[in-house]
Amino acid sequence: GDSVTQMEGPVTLSEEAFLTINCTYTATGYPSLFWYVQYPGEGLQLLLKATKADDKGSNKGFEATYRKETTSFHLEKGSVQVSDSAVYFCALTGNTGGFKTIFGAGTRLFVKA
Amino acid sequence: GAVVSQHPSRVICKSGTSVKIECRSLDFQATTMFWYRQFPKQSLMLMATSNEGSKATYEQGVEKDKFLINHASLTLSTLTVTSAHPEDSSFYICSARDRGTGPLIQYFGAGTRLSVL
Chain A
1 GDSVTQMEGP VTLSEEAFLT INCTYTATGY PSLFWYVQYP GEGLQLLLKA
51 TKADDKGSNK GFEATYRKET TSFHLEKGSV QVSDSAVYFC ALTGNTGGFK
101 TIFGAGTRLF VKA
Chain B
1001 GAVVSQHPSR VICKSGTSVK IECRSLDFQA TTMFWYRQFP KQSLMLMATS
1051 NEGSKATYEQ GVEKDKFLIN HASLTLSTLT VTSAHPEDSS FYICSARDRG
1101 TGPLIQYFGA GTRLSVL
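Taken in sequence, the protein lines are chains A and B.
Quick note: the first sequence uses the working numbering, first residue 1, plus one each step.
Quick note: the second sequence uses the working numbering, first residue 1001, plus one each step.
These aren't lab readings, by the way, just hints derived from the structure by calculation.
Remember, it's a predicted structure, so these values are computed and weren't measured experimentally.
Check the hints yourself; a few may be wrong.
[As the list claims (entries may be wrong)] Straight-line Cα separation of at most 27 angstroms, BS3-like style, residue types lysine-lysine; simulated pairs:
id	chain 1	residue 1	chain 2	residue 2
1	A	K112	B	K1066
2	B	K1064	B	K1020
3	A	K68	A	K112
4	A	K60	B	K1020
5	A	K100	B	K1014
6	A	K77	B	K1041
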């Protein structure tokens, strides 16, 4: 079945450092890919998405490009802030079977001032 | 943007009691709602998918008699944890799809932390 694998955390960075969180997937067909962010004690918020190969999703300085050849959707940000500290989930939604969403295990990010 | 309200945000109950969690779409019609369970420092596990006016579809290994789901209207789904036990303690999150924006986008509630004593 479909699956999402993302790098284990926690990831600890200093403010203004460059962030990369790796995400790879396996899926049949052509899924849509997402990054969600979860702040402490809260539900998930959609951060960005890409619905087809070579699409780049971007929001709040975060970017991720849908790479079909490497089945990847790595999250990047050029300069992180303390307020970016959260858990980040990579996810895919298949285009069959009720459009279920499969989540990766999540990567916790700590940004130090 | 679309808002999903989940209530209560936190509940503590005694073992053997039942707990109801509500999930409401405030400004859109949600034909499909999802219920997830999240264990500490882990990902979300899909428990069930509920479609308005029909029975919920449960994922393998989820007891439908223990986790009762009702999706009676286009804006409300409820999850009832029946005869709760300490192992049911978890973070429960609902999400909803907006009929107007199609099947890809999910809007999440803020979650309910259930603690069973």
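Hint consistency between K60 of chain A and K1020 of chain B [alpha-carbon to alpha-carbon, up to 27 angstroms]
36 angstroms, violated
Decide if the proposed pair is consistent with the structure: K77 of chain A and K1041 of chain B, CA atoms, cutoff 27 angstroms inclusive.
Distance ~23 angstroms between K77 of chain A and K1041 of chain B Cα, so the pair holds.
Hinted pair K1064 of chain B and K1020 of chain B, Cα distance within 27 angstroms:
The hint holds at about 14 angstroms.
Can the restraint linking K100 of chain A and K1014 of chain B be considered satisfied, given a maximum Cα separation of 27 angstroms?
33 angstroms, violated
Hint check: K68 of chain A vs K112 of chain A, CA-CA at most 27 angstroms. Holds or violated?
34 angstroms, violated
Going straight from one Cα to the other, do K112 of chain A and K1066 of chain B come out at no more than 27 angstroms?
This hinted pair is violated, its Cα atoms lying about 43 angstroms apart.
Checked against the numbered hints given earlier, this structure breaks hints 1, 3, 4, 5; the rest are met.
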